[in-house]
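Residue numbers (the working numbering), protein chains in the order written: chain A, 1 to 554; chain B, 555 to 907; chain C, 908 to 1265.
All clues given are correct.
Covered, in the sense of this in silico footprint (three residues per stretch, anywhere, with C-beta under 8 Å from a C-beta of chain C), are these stretches of chain A:
#1 87-94
#2 97-110
#3 118-129
Every beta carbon over 10 Å from chain C, so not counted as near; a handful from chain A, in silico:
#4 238
#5 313
#6 338
#7 397
#8 401
#9 504
Have a look at the derived ranges for each label pair, beta carbon to beta carbon:
#10 B:591 x A:157: 35 to 41 Å
#11 A:293 x B:780: 28 to 34 Å
#12 A:412 x B:581: 21 to 27 Å
No wet-lab data here; the hints were simulated from the structure. In this text, a Cβ means the ideal position worked out from N, Cα and C, and glycines have one as well.
Read off the chains here:
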Amino acid sequence: MSPETLPGPEALVQVEDLGVEFGDVRAVDSVTFTLERGGALGLVGESGSGKSTVASALLGLHRGTGARVTGSVRVGGTDVGAATDAELRRLRGPVAAMVFQDPLSSLDPYYAVGDQIAEVYRAHSGASRRAARARAVDVLDRVGIADAARRARSRPHEFSGGMRQRALIAMALACEPELIVADEPTTALDVTVQAQILDLLHALREETGMGLLLVTHDVGVAAESVDDVLVMRGGRVVERGAVAQVLGAPQETYTKDLLSAVPRVDAARDHRPAGTAAEGDVVVEAEGLRREFGRGRRAFAAVDGVSLSVRRGETLGIVGESGSGKTTLGRMLVGLLEPTAGQLRHGGAEKSGKGVVPGVQMVFQDPVSSLNPRRSVGESVADPLRARGDRDEDAIRARVRDLMERVGLDPAHYGRYPHEFSGGQRQRVGIARALAAEPRLIVCDEPVSALDVTTQAQVTALLAELQRELGLALVFVAHDLAVVRQVSDRVAVMRRGRIVEYGTVDEVYGSPQDPYTRQLLAAVPALDPVAAASRRAARRVSSAGAVGKELAAA
Amino acid sequence: MSEALLASEIPGAGATTAPVPASGARQFWRRLRTQRAALVAAAVVALLVLVALAAPLLTALEGQDPTSYHPGLVDSARGGVPVGPLGGMSAEHWLGVEPQTGRDLFARLVYGARVSLGVALAATLMQIVIGVAVGLASGLGGRLLDQTLSRATDVMVALPLMVLALALLAVVPGGFPRPVLVALVVGFVGWGGVAKVVRAGTISLKSLDHVAAARLSGWGGVRIARRELLPALAAPVITYAALLVPTNITVEAALSFLGVGVKPPTASWGQMLTSADVWYQAAPQYLLLPAAALFVTVLALTVLGDGVRTALDPRAASRLRVGTGRKRVGSGRKSVDTGRKRAGAGRKREGGS
Amino acid sequence: MTASTPVATKSRGLTDGLTAGLGGLLGGGFTGFVVRRALGAVITLFVLSVVIYAVFYVAPGDVAQITCGPRCSPAQVQQVSEQLRLDDPLYTRYLDFLRGIFAGQDYSTGTSVLHCDAPCLGLSYQTDQQVTELILNKVPVTGSLAIGAMVLWLILGVGTGVLSAWRRGRATERILTAVTLAGTATPVFVIGLLLMILICGRLQWLPFPQYVPFTEDPQQWAWNLLLPWVSLALIEAAKYARLTRSSMLETLAEDHVRTFRAYGIGERSIVGKHALRGALAPVIALSANDFGSMFGGALLTETLFGLPGLGRELVQAVRVVDLPVVVGMVLVTGFFVVLANAVADVLYAVADRRVVLS
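Put together the whole structure using the sequences plus the hints.
Below, the structure is given as structure tokens:
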């Protein structure tokens, strides 16, 4: 370690008037902040706010990429902008270590996890191979990987998502950095695993006294993990301050909007008119639905004995973590997938034959792939009309314009192509297309998970409005407990292909019966830092118990 | 959010589903125009095509034709060496004459361009038609059809193009004009790569949500294939085709060089090289001209093919631009490694060298 | 590559395939993958043999006429046709052919009986020699050529590819890219021809190549093969360099490379270790294909330099329409390509178990 990185009076991170430009795009504009030793700062913002660009600038990762960096960045006493390549390499790891978003792709698939950590350690300490390997096992053990000596020899694909993120954190710990820069460290993870990783980061910080710079789009994650936050938008800092202050009493309009858009599991929700659905007005009913994938020994049931029903005018939320079978279930409900066993009744009639069901539509997760990039959005919306045999071109166009207007799009944009629209607008196009078929039921498969939180709120509001107006039945499939709570009348919680809990929103969220549901709810980040701390304590207690064993395996 | 980010990049291996926006053609030209090498190559190719098309005109201008013997211009006493300096170059015979026969070299060279380009283009067209048909059927058909066609494709990919083409040329009837025959044979044996690309593309496209949406709209299979799949497959197929043309040129030249491709009196660059080594001292241009013609043609077509690929696959283009610094969202590359492996295996070898 | 290799590997490959069939019903995991891969290879080989046999023996031309030659009288053609049992239905002839491969076969020429040992690929129409024997005799020549050239082009090609990926965006890369482009655009017979004229003819540094068996004189063997090796390797190396480079650029853009950059790992280790490892898959796949293809002979190189290998044999057989030889050579080539691909896949899976999982 060079002498200038020795602890001094200087703050750990000093960023002054930082600007980053990619070509003509100004991604970051005059950002200034400091982070004291041992402090924790959150950079919060929606996509395109420049938060990750700032994080990369701390390690000088923009060097050699063609980006233009202005202003000054000092980390641990090193002037990142002026440092030589060698100095920069000495900064990366021993002073500031980065934890990336996607733990699978962030590790080299071809080498053992332990070897990768050892390589990083060796590069900076000059230790022997044997010592480096021992060090790797040591840090893996510290981040809570059970049987670390053996698991160090595994390659990343043999780890679960949570373990991979732990391994990345272990790599960061290997050189005992003064600062950890975590770029959306839990975004790729399920909510229960997210809670564990955040707890781990918190514990490590207490233990080692290192600083944390956390980049996240999720206000809840920030509330759980940091002392101060910087709210960013369009490359600029909008608001800054202690986390309790910014989240509790925001001053800026943008921060207020952002916070009010965040769906919560604890706050009061909009009152939904109950009883719009008459008993017996069942739109779709499933009984013992089962779907297997693979053959022979590799066969597994993605959905295993699911029974449910959806009535006119109501929303059924289906919530579950990745691999719970919720998407498979949704696709079976609309007829895109055939069930291996079980019955499906649409409007009381047994589903006959294969294929899609008239009157049932779907809104898809991915706003990019759900629209054909080569056809105008108007044509995509017109598809169901043309498919059912409408021939009157003027009537079709008029109807499409109506629909576009209805979902909040400019009807004059009929001839535009998907890439000219934002993610939220594309989801609106998808909704308009679904509506064109005049469906009884729309299955929404993670319709807002690809969107920023403010856009999310707009799209869910639109869906609710349409439902009230048209008496639609909705099935809302999502991994986000808060979003599901916000939009649903009844909720089904899925785990490993089965429904573990099924009831009204108040029942499921108010007094969950199944331990898994409780565990899920406990893992949802709270917006209030005080609440977050007490919940962390609660999790720590419970993880000492029976659930803990299972969690450690994740 | 995570699943969304992962899915936001259209799945699929490499170029097979390169997202080409709606204004594809315009964007393609815009991207191609920015590549100077590709533009030069395109100009060279255009010139070559022009020469091939205007071959009769050019030879008429010279006052010669590619097949007439000029025994007076070769020295039969010395084994047929062209009379005069520089291999018989003169105002009548701009590039000299062929040893032994005295046929006009310029005429044979420009007519050779016809054979070279014509055979390669025809063969490429055939490879694409067969490959697209087989690939689509394989990707859209049932398990049995897919298995059968995939095996057949594997066989075609496994066999070296040159070996199979050479062997087939042994048994085909002699009645056809030789260049047509060569084109047919090369076209018939070289479609495996296209079929693989199309099958992979079809399968990954099939899983895209807009195809599911089209199904939910109530459209049938044919309409979906035409509206949702084929336009998206155009990019990878064109890319592949652009790289097949130079390969086919080399194969034709090689077959003719071996004496089983285009045969005299039809002129072909490869065939001109067969006996050129004997004459290199007396008539070096007899060796160098067809070699240079081949080199320039294949080089220009390869550079153009690279340019086309870059213009059609923006992701490959951005990789080559050496780090743009833009954050890459998600990656969803769980299957990419094996996908890439296949891509390597799918590359059709151009032969026994 | 000894003379017995093809035979031994062939029968072993097939028995492996059969045991694989049983294993396929049981297997998951790695064994399952190997078994499935082997089974796939066997099926491909079967399809291959059927397709080849059908294509060549139902070819548009009249086999008897072609075989007999243009000057044969109708009676002679008839005799040849009987001899070849061309009147039997195709599938019986195919089954006989298949039986010949496993059990050997006897051919009656009218006056005498010629025995053809298993694996029998038939007898040459021209010389009545066993095709298998004919092929085996040529293997050392092509093998000598292939091994030397392959070592050269792998080193040269992969090295160039790595270097240009490492030096991307700099002058070195631009030069290497231009050179490899020129290499891919040059047919091997052009570069070979030019090199031969220059080095053997003008400068007289090397002899005009003439095959000398390794067992006879290793030094002369290498000396004579040097030029063919270099010619073949130069062209192939260009192809490998392009593939390696594009594959490396792809892995260099991956997230895990960014991780190691962010941890201060030097560019040399990133390119030479992490990126190269990820980029090898297509290179290995192509090498396997090329290795297998070599059993079709290095057609152009052998013809150009007059080396009496498999390629030249094939060209000659094609010229005189010696069908059993042609079919036999195509089959053997296909066999080795399929085999090499399967072996490469399995070896690759050993190195990277994720292949198995996906």
